[in-house]
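S.K.: Here are the chains, one letter per residue:
2 protein chains.
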Amino acid sequence: MLNFEYDNKTKIIFGKGTENEVGNYTKLYGKKVLLHYGRNSIKKYGLYDKVVASLKANNIDYVELGGVQANPRLKLAKAGIELTKKENVDFILAVGGGSVIDSAKAIALGHYYDGDVWDFYLKGIRPEKVLPVGVVLTIPAAGSESSTATVISDEETGLKRGYGDVSLRPKFAILNPELTYTLPNYQTSCGVVDIIGHVIERYMTNTTDVELTDRLCESVITTVINNAPKALNDNTDYASRAEIMWAGALAHNGLVGTGREEDWASHGMEHQLSAVYDIAHGAGLAIMYPAWMKFVYKHDLNRFALFANKIFGLEINNSNLEETALKGIAKLEEFYKSIDMPIRMSDINITDENINIMAEKATHTSDIIGSFVKLNKQDIINIYKLAL
Amino acid sequence: MLNFEYDNKTKIIFGKGTENEVGNYTKLYGKKVLLHYGRNSIKKYGLYDKVVASLKANNIDYVELGGVQANPRLKLAKAGIELTKKENVDFILAVGGGSVIDSAKAIALGHYYDGDVWDFYLKGIRPEKVLPVGVVLTIPAAGSESSTATVISDEETGLKRGYGDVSLRPKFAILNPELTYTLPNYQTSCGVVDIIGHVIERYMTNTTDVELTDRLCESVITTVINNAPKALNDNTDYASRAEIMWAGALAHNGLVGTGREEDWASHGMEHQLSAVYDIAHGAGLAIMYPAWMKFVYKHDLNRFALFANKIFGLEINNSNLEETALKGIAKLEEFYKSIDMPIRMSDINITDENINIMAEKATHTSDIIGSFVKLNKQDIINIYKLAL
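Going line by line, the protein sequences match chains A and B. Under numbering that gives the first Met the number 0, think of the first position of the first sequence as 0, with each following residue one higher. Under numbering that gives the first Met the number 0, think of the first position of the second sequence as 0, with each following residue one higher.
Fair warning: there could be bad hints in the mix.
Which copy is meant is left open, so a pair is good if it fits within one copy or across any two.
[What the hints assert, rightly or not] Here are the simulated EDC-like cross-link-like pairs (lysine to aspartate or glutamate), alpha carbons at most 16 Å apart as the crow flies: (1) 326 / 4; (2) 309 / 217; (3) 49 / 63; (4) 170 / 6; (5) 128 / 333; (6) 15 / 4; (7) 74 / 4; (8) 15 / 208; (9) 77 / 339; (10) 31 / 4.
These aren't lab readings, by the way, just hints derived from the structure by calculation. Treat the numbers as computed from the prediction; the structure is a model and nothing was measured.
If we strip away everything but chain A, and leave its shape as in the complex, we get (with noise of 0.2 Å):
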């Protein structure tokens, strides 16, 4: 186990009919907000109806900023810190799931910085200050509802980045699963491949004595796979999406990393893949995940043994370890193509002729990616390949 800091001051307020409070929770924070929001389900489900009650209830003043899409984009998020500048924001809620939020964070640190706010992105430089952030999530995937993280897209260079900084924790997250009823299955399966596999770059690890987090890695997976069925199978399930949700959070708040070596390389390639084809980045990931792992398996086949038993059940073949390794990676894409998500490139029509530029684009911050595997440029090149 490696040395670790861990703190997660994120307030989570977890359950039914909790929308109805974020007033509450918001003037604990702020007096002018910014209502930040993605496009029309919000407001065609009611959600938008009772949040701006909840902000009139408890006298709060706000502007708002619609329009968030899929992998959120540097303009709209420039956008939004000429408008909080201009109205005197002191606080952004973000309603809606991980883009909204992503692009929350991104206007929170542009509030205070002078300079333009991509150069967090591109250059890792430390905010001074940032607008406190709140949320009312409505989409179980990102996880960054109480994570560090915000990916942005930038349209004009085609560069999608990621940054964090513990400042950018939202101060509340309100999870009432009941606002996943209204979600198309489609959105709920890239959520669900999302929030595994923020738990598989943290479970891929080269670190050794990590039993518990280990175990707790585990047990975020294993519960995800077997509620997925579940909350697919009928919208209104609140069990199996409350189970999701809850594990969505867990699965990137900090927890499941603690004393590991974390990896990333898989995000990082399906961030280009998005970038370039603008694809859901949960659908992304269900391609580059067996990719990677037929790319590294080799790398430590106790670990993906490991995956095979724990995950799946499978018996370890203590004499063939690499085919339990396999039969692991099988099982996922299994899993993976049985909640409908695309396991291959062709699976959505993408073919070959943009690999090089995004495994260009993949290393344009640094050389190598990943830790438990380092990948270069060639070696992200072969995982496209595979994932044709």
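Using the hints provided, position chain B relative to the given structure of chain A.
M.R.: Chain B only, in chain A's frame:
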């Protein structure tokens, strides 16, 4: 799953050598510290010198109060409150195990309170303001390093009472597994029982649809059971001691109880046992859990069968769940015995003479304790008898 709120603002600093950084964290909160500790061990093994050196290096002034004993006493806490008021202390640094931290929390409660600090424990009133507390942990057991709880004993009345408030979560907790190398095996075992107990109190619940937290509970318990023999066999085995130490914090930081009704009857009964006989809390719990389980298991055979299966790998006999449940309880007893814990009062020469008094005290603030099965005074007497 029940609606819940969860946050834990304690910063965990985990790993080798971290105690040398205590001054860096302390200075974020205070300039005049009460250094609170137990008896001789922190001086004997050099920890005291390291802590003082780090405080001095950060220009932090301090006064001292040592002498905290197991089952920390109200009298010493009151002396501490007098001292913090007189010396204008603005931060309490607890260096020790759960008793020292609980005593520090009592002092934190009393510092800004005009009345008797015992009011909090007896009447459950809320504090307006408390002194901030920091921790250097030496015994993984109580989980007090990141919990809201404090348990104090009043020698005059023989009452032992717990209290909890979110304001009592320590600001930071330094967890270096190396600091546990000098613990006698008996104390390590007591800690192991305590850690497992904190999870059992949450695992045995009437709340349904709590799959993820079930898995998290099992992760903590199985990790501790798996690592305890290694830690006891080699006091300087960093890996196993690290697993137990991190498990000890997670067992009682609130996470594994999210969305669940919790029980706490066994803790309540044990508190009276250790109040009357001044035995170690962990030893008392190793006696109380098997007795409590034998009294309540029929209330939910499925849950006890799950416990047997997930914790001890026993196959569930679906045509005779009771058999599986009882085997699981027997396995828990076997584990306690294997780490040299008593499992009956008779193992430590306690007879039935004070059973009525203990049952009386256990129902001092409420006629009914527990929630998995609600227990009245006669039930409690019967459980104590099962523990003889």
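S.K.: Please go over all the hints and tell whether each is borne out by the structure.
M.R.: Here is what the structure says about each hint:
1. Within a single copy, residue 326 and residue 4 get their C-alpha atoms no closer than 36 Å, and across copies no closer than 40 Å, so neither meets the 16 Å cut-off.
2. In this assembly of identical chains, the alpha carbons of residue 309 and residue 217 lie at most 16 Å apart whether taken from the same copy (7 Å) or from different copies (13 Å).
3. Proximity of residue 49 to residue 63 under the C-alpha cut-off of 16 Å is restricted to the intra-copy arrangement: shortest distance 15 Å within a copy versus 53 Å between copies.
4. Both within a single protomer and between protomers do residue 170 and residue 6 lie at most 16 Å apart by alpha-carbon distance, with minima of 13 Å and 10 Å respectively.
5. For the identical chains of this complex, residue 128 and residue 333 are neighbours neither inside a copy (45 Å) nor across copies (55 Å), given an alpha-carbon limit of 16 Å.
6. With identical chains, the CA atoms of residue 15 and residue 4 are at most 16 Å apart between copies only, with a shortest distance of 12 Å across copies and 33 Å within one.
7. In this assembly of identical chains, residue 74 and residue 4 lie within 16 Å of each other by CA distance neither inside one copy nor across copies; the values are 34 Å within and 35 Å between.
8. Taking identical chains as interchangeable, the C-alpha atoms of residue 15 and residue 208 lie at most 16 Å apart only when they sit on different chains, with a minimum of 14 Å there against 39 Å within one chain.
9. In this assembly of identical chains, the alpha carbons of residue 77 and residue 339 never lie at most 16 Å apart, being 35 Å within a copy and 64 Å across copies at closest.
10. Taking CA atoms no more than 16 Å apart as the test, residue 31 paired with residue 4 passes in neither setting, with 33 Å inside one copy and 25 Å between copies.
Violation of the numbered hints given earlier is confined to hints 1, 5, 7, 9, 10; the remaining hints are satisfied by the structure.
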